[in-house]
Amino acid sequence: MSLLEGRYRYALRLLPASYRAEREEEMVCAFLEGAGDLHDEDNPRPRWSEIASVAALSVRVRLGGVGAAPRFFAWGQAVRLVAVLGLSFHATMSCVWLANTLKFHGFFGAPSGDYQTALGSAGSAERLRDIAQVLTYLLWIAAAASLVRGRPRAAKTTALLALALSYGPVIQSGNVLWNGGTKSVVLHSVLFVVPMLALPAGFHRDAPRNRHPWWVAALPVGAGTLLYVILNVLGSASMAQTVNWQFWSWIWPWLGESGLACLALLAASVSLVGTHLWAPARRTPSLPLALAILAVPVMLTHVFSLTFDAIDPATRTMAVVNVGQLIALLLSALTLIVLTAKTMPPRRVRPQPTPEPTAPGDDTGLPLPEDQD
Amino acid sequence: MTEPAFLLLTALVDGPRHGYGIVQEIEKLSDGRVQLKIGTLYGVLDRLAADELVTLDREEAQQGRLRRYYRLTESGMRALEAEATRLAGNIESARRRLRARQAGGMA
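Protein sequence lines, in the order shown, are assigned to chains A and B.
3 is the number of the first residue of the first sequence in the numbering used here; add one for each residue after it.
155 is the number of the first residue of the second sequence in the numbering used here; add one for each residue after it.
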């Protein structure tokens, strides 16, 4: 085996074993024919573009679309669900923040004096940042709606733009990652990373195109509006003149972005366990796997938020709730992994493609690839 | 239909070809503009085979290496014909409008 062949075969290990069993030999043959006459002394390597094409093929095969093996299709559906659920969550939160911003601008009553003072005069940097934030919220909502309406390309562009805009204020204020003041930005980013990676990975060319009705696309807006009302009611109650700190310190950790994500995940997990137990016909490996994947960034935000130096009782209670959330998420993720393992289709080697009957005299005497291993 | 898929089907019109043969033919058909990488080629082949537009024709040994030849199916032929008609219609529309614009500009 030449050096180049060995290196190309090593790159092909990016592909699943079942796919390699079927395709490796002919891919190697095609590659070497195109590579020409290269000698080991020249230290030849496959070009990066060749390796990138194998990597892209690997993603498409592993996160299978229409016509893929059941196991790869289940993985593909799980990753697509991660993108849909993650973007829907950000769209829901964007609705809450958008409503809050509009409230400060006086859309639902008198404008906030403090807010207007903080924004400064017309054309100030703060006002531009404010406009960019409103645009970001709208873009997240549009991205989630596009995805649900079966327009993944539009969703990718919109989500990428929203992500870039959401970091604008950080760059503008000159903050540096891991700077003390940017801890919240890092926590916030953790929640974005997984759905933003799942979006291009899952919605490749072979992914099935599901176009849901408008009312499904509008669900994050409805949920966001309801959440805004609930948060406002709770916020007003917690800011009353006489507040039971002991009571509210148990509630507050659930009202932030990661707290709400934790609540949503726990509720979805409980509902899924119920479905698994009482509705076996509706069992699917994709949903528990998607929720388990989404649990990882939410757990990370809780790990980053852990504090062991709380001095007052309220902060101590909140730290305890944070640890409780983390443990609940961990148990939930483990349960989801078990449910996934129970419902995931088994691994199998893809059947060898067999040529249709050919005319006598054809040279078909070569052993099949799996026999050569 | 994507351009690589269209070119791959076109490359198989005059007979079965193996992986590198398809790559070469596509490069020739596109005047060197489209140079398919092997990973991309097999991604397109998988998709077209799943849609039953191409199928495995035969296997051959070439200097001890496996060559699989693929050929167009009847539905592949029809799909390519439909796509070619659609593209030709688009090209004709564009040419008609360009001619009209040039005629308008000359007047």
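Because the hints were derived from the structure by calculation, they are not lab data.
One or more hints might be untrue.
Facing chain A, from chain B, some residues (calculated, C-beta under 8 Å) [said to hold, decoys possible]: (1) G169; (2) G173; (3) Y174; (4) R187; (5) K191; (6) I192; (7) G197; (8) R201; (9) R219; (10) L220; (11) A238; (12) R240.
Label-pair restraints from in silico Cβ distances [as the list claims (entries may be wrong)]: (13) A:L163 with B:D205: 29 to 39 Å; (14) B:S184 with A:H107: 52 to 62 Å; (15) A:V305 with B:S184: 46 to 56 Å; (16) B:A238 with A:M3: 38 to 48 Å; (17) A:A54 with B:R219: 45 to 55 Å; (18) A:G122 with B:E237: 49 to 59 Å; (19) A:T227 with B:Q189: 44 to 54 Å; (20) B:S184 with A:V61: 47 to 57 Å.
Idealized CB from N, CA, C, for every residue including glycine.
Now for the hints, and whether the structure bears them out:
no.	hint	result
1	G169	violated, 13 Å
2	G173	holds, 3 Å
3	Y174	holds, 4 Å
4	R187	violated, 15 Å
5	K191	holds, 3 Å
6	I192	holds, 5 Å
7	G197	holds, 5 Å
8	R201	holds, 6 Å
9	R219	holds, 4 Å
10	L220	holds, 4 Å
11	A238	violated, 21 Å
12	R240	violated, 19 Å
13	A:L163 with B:D205: 29 to 39 Å	holds, 33 Å
14	B:S184 with A:H107: 52 to 62 Å	holds, 54 Å
15	A:V305 with B:S184: 46 to 56 Å	holds, 51 Å
16	B:A238 with A:M3: 38 to 48 Å	holds, 42 Å
17	A:A54 with B:R219: 45 to 55 Å	violated, 24 Å
18	A:G122 with B:E237: 49 to 59 Å	holds, 58 Å
19	A:T227 with B:Q189: 44 to 54 Å	holds, 51 Å
20	B:S184 with A:V61: 47 to 57 Å	violated, 25 Å
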